[in-house]
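Take these sequences, add in the hints, and give me the full structure.
Heads up: the protein sequence lines correspond to chains C and R, in order.
Residue numbering for the first sequence is 1 to 231, as defined by the numbering used here.
Residue numbering for the second sequence is 1 to 401, as defined by the numbering used here.
No wet-lab data here; the hints were simulated from the structure.
Idealized CB from N, CA, C, for every residue including glycine.
Any given hint could turn out to be false.
Said to hold, decoys possible - Selected chain C positions facing chain R (Cβ under 10 angstroms, derived; list incomplete):
| # | residue |
| --- | --- |
| 1 | SER48 |
| 2 | LEU56 |
| 3 | ARG80 |
| 4 | ALA81 |
| 5 | ARG87 |
| 6 | LEU88 |
| 7 | PHE90 |
| 8 | PHE92 |
| 9 | PHE94 |
| 10 | PHE101 |
| 11 | PHE109 |
| 12 | ALA113 |
| 13 | GLY115 |
| 14 | GLY116 |
| 15 | LEU118 |
| 16 | ASN162 |
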Amino acid sequence: MTEVLAARGIGMTFRNGDELTKVLKGVDLTLQTGELAALLGASGSGKSTLLSIIGLLLRPTAGSIAIAGQQVDTFDEADRARFRNQRLGFIFQFHHLLPDFTAMENVAFPAAAPGGGLSGAMVRRARELLDRVGLADRMDFPATRLSGGQKQRVAIARALMNNPALILADEPTGSLDRVSAEKVLDLMQEVNREDKATFLICTHDENIAARCSRRILVKDGQVFTEAGLEK
Amino acid sequence: MFAILVARRYLLSNPVQTALLVMSVVLGVTAFVFITALIQGLAVRLTNDVTANSAHVSIEPLTRVARVVPGANADVQSVALVSTFQRRQIRAWAPTVALLRSQPLVSAVSPQISGNAFLVRGEAVAPLTVTALDPSALDAISPITTKIISGEAGLGPDDILIGAQLAQNLGLSVGQPVLFRTDRGVDRLLTVGGIFQTGLLALDERVAFLSIRTARPLFRLPEGVTNIEVKLTDPADARPFAAFLREATGLRVTSWQERNASLENALFAQAQTGRLIQIFSLISVLVGIASALTLSANRRRSEIGIMRAFGISKRFIAIVFILQGLIIGTVGAGIGCITGFALCSWLATMTKTDGTMLLPIAPDQGGYLTVFVLTMLGAVLASVIPARSAAQLDPLEAIQQ
Numbered sequence: 001m002t003e004v005l006a007a008r009g010i011g012m013t014f015r016n017g018d019e020l021t022k023v024l025k026g027v028d029l030t031l032q033t034g035e036l037a038a039l040l041g042a043s044g045s046g047k048s049t050l051l052s053i054i055g056l057l058l059r060p061t062a063g064s065i066a067i068a069g070q071q072v073d074t075f076d077e078a079d080r081a082r083f084r085n086q087r088l089g090f091i092f093q094f095h096h097l098l099p100d101f102t103a104m105e106n107v108a109f110p111a112a113a114p115g116g117g118l119s120g121a122m123v124r125r126a127r128e129l130l131d132r133v134g135l136a137d138r139m140d141f142p143a144t145r146l147s148g149g150q151k152q153r154v155a156i157a158r159a160l161m162n163n164p165a166l167i168l169a170d171e172p173t174g175s176l177d178r179v180s181a182e183k184v185l186d187l188m189q190e191v192n193r194e195d196k197a198t199f200l201i202c203t204h205d206e207n208i209a210a211r212c213s214r215r216i217l218v219k220d221g222q223v224f225t226e227a228g229l230e231k
Numbered sequence: 001m002f003a004i005l006v007a008r009r010y011l012l013s014n015p016v017q018t019a020l021l022v023m024s025v026v027l028g029v030t031a032f033v034f035i036t037a038l039i040q041g042l043a044v045r046l047t048n049d050v051t052a053n054s055a056h057v058s059i060e061p062l063t064r065v066a067r068v069v070p071g072a073n074a075d076v077q078s079v080a081l082v083s084t085f086q087r088r089q090i091r092a093w094a095p096t097v098a099l100l101r102s103q104p105l106v107s108a109v110s111p112q113i114s115g116n117a118f119l120v121r122g123e124a125v126a127p128l129t130v131t132a133l134d135p136s137a138l139d140a141i142s143p144i145t146t147k148i149i150s151g152e153a154g155l156g157p158d159d160i161l162i163g164a165q166l167a168q169n170l171g172l173s174v175g176q177p178v179l180f181r182t183d184r185g186v187d188r189l190l191t192v193g194g195i196f197q198t199g200l201l202a203l204d205e206r207v208a209f210l211s212i213r214t215a216r217p218l219f220r221l222p223e224g225v226t227n228i229e230v231k232l233t234d235p236a237d238a239r240p241f242a243a244f245l246r247e248a249t250g251l252r253v254t255s256w257q258e259r260n261a262s263l264e265n266a267l268f269a270q271a272q273t274g275r276l277i278q279i280f281s282l283i284s285v286l287v288g289i290a291s292a293l294t295l296s297a298n299r300r301r302s303e304i305g306i307m308r309a310f311g312i313s314k315r316f317i318a319i320v321f322i323l324q325g326l327i328i329g330t331v332g333a334g335i336g337c338i339t340g341f342a343l344c345s346w347l348a349t350m351t352k353t354d355g356t357m358l359l360p361i362a363p364d365q366g367g368y369l370t371v372f373v374l375t376m377l378g379a380v381l382a383s384v385i386p387a388r389s390a391a392q393l394d395p396l397e398a399i400q401q
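Structure (structure tokens):
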């Protein structure tokens with residue numbers, strides 16, 4: 001097992017006028033390849049902020065992060081975007097599919113846009129992924145014609161398109177009914193198990209956390225492990 | 001290029017909005033084409049009206065010549081322009097005519113004797129402006145033959161061609177003799193050879209034509225001519241050609257533009273007004289594109305945010321919006337040029353009861369290439385602001401919305 005994520009001393013302070021709010025207070029977090037980790041915490045605990053920082057969507061005010069062996073703190077905006085595209089996968093609470101594109105095009109988009117076009121290899125890869133998430137018969141459907149659960153499965157396929165080192169999921173079943181949510185969780189577990197894909201799932205749902213191999217609690221801006229809620 | 005696919009999908013996702021946007025560009029471009037064709041057509045018609053019946057370049061003798069004036073100091077002399085007190089004429093006109101005829105720009109040359117005279121019939125005396133010219137070049141500068149309503153256009157040694165109003169005032173008809181008296185005090189009985197009608201009262205009442213041979217003794221000009229009139233293949237060349245002749249001959253040379261300064265000013269003012277209308281048409285097109293794309297960028301905030309989240313570059317997103325502007329501009333400009341041409345061509349077929357065009361429009365001069373290129377460039381420019389705002393979108397903020 002190799003280290004996919006190494007976050008050291010992550011701090012995040014938001015300024016609101018003269019008021020400073022410390023959301024994260026020196027968080028240390030590591031993830032190994034193939035881990036399926038749940039990031040738990042109450043609303044306002046800082047778990048979404050931590051996920052955004054790890055996803056390079058937000059710059060921390062303190063600390064350093066290495067992902068897949070690369071120190072990303074010094075990256076400029078363009079480098080961070082490139083890194084997100086090539087090494088990270090995102091699954092959000094709402095699927096955020098592009099409504100003017102088919103399921104296949106949505107999956108291939110992260111590879112096709114930077115690559116200058118939709119190559120045959122990209123189409124093949126997108127089709128494989130859609131087949132994997134059980135949507136082989138929906139490949140050419142416009143995103144708008146898919147059900148909520150199908151859309152979220154397309155979003156998972158899209159997150160896998162560029163073979164990311166780390167997949168970040170923010171309440172991935174939050175907008176789904178129970179049956180669809182179960183299918184999505186089954187799928188993520190399957191991908192994790194078969195591909196050794198590393199997941200960090202931000203959730204407040206104990207049922208999801210129970211299906212993960214590791215539970216990480218964020219409380220008062222600090223991270224606690226499941227062992228004893230010790231820092 | 002994947003950005004083209006994305007831009008096309010975005011445009012087709014809301015076909016009604018895109019169609020309205022393209023239509024606004026079409027209307028703007030059509031207005032531009034119409035105004036351009038109308039202004040150009042009007043300019044061509046006015047220019048033709050002026051240049052078709054008059055010389056493009058007129059050559060006359062200088063009214064004054066340079067004389068050396070001795071100064072107080074014998075070594076210093078000055079030059080002053082003084083009157084010659086001599087008869088104004090071009091004595092050595094033959095070399096000038098030869099020079100003119102050797103120029104490829106020149107289509108006709110007419111050396112003339114112009115002067116003032118009277119027609120006397122009984123107690124009635126009518127003042128005249130006389131143009132005496134070579135009978136074989138009667139129509140060289142201004143077509144007379146087609147305007148003859150009675151008699152013939154020939155200019156025999158005893159013939160005079162007079163206008164219809166003058167003939168009516170003096171009760172003259174073709175074949176009748178009339179006493180002709182020049183401002184040099186020479187009288188001669190001439191015969192009315194033909195009567196012309198131009199439709200312009202000033203000409204039909206005051207102008208008469210003679211043969212230059214007949215005019216020489218009458219105006220006491222045995223050798224020279226008073227003026228040389230020149231027609232060019234392209235009237236637009238008149239100004240530089242006049243400058244060339246001025247330099248080459250030392251004579252007083254004026255182009256038709258200089259003789260019709262007010263027309264030129266009017267055409268200039270008209271062109272400026274047209275240009276303003278053209279600019280406003282284009283600005284309205286560009287504002288339309290910019291506002292529609294800004295709305296589109298706002299409507300697609302979350303989509304753009306998710307693209308940015310999974311690492312699509314700002315450049316790609318900006319290109320998508322610029323391409324949308326370019327596609328709208330190109331399609332709108334293309335259709336606008338076609339509809340503008342169709343509109344102008346249709347208007348060109350509409351005539352008044354006298355057979356003349358209802359509008360002096362020139363469908364082939366609608367500035368099509370100009371408006372096409374300007375609209376495309378403008379559309380790209382107009383899409384830069386929405387493209388920038390879309391590209392600058394914070395992915396986290398957009399996703400959270």
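Quick check: which numbered hints come out false for this structure? No numbers; nothing is violated.
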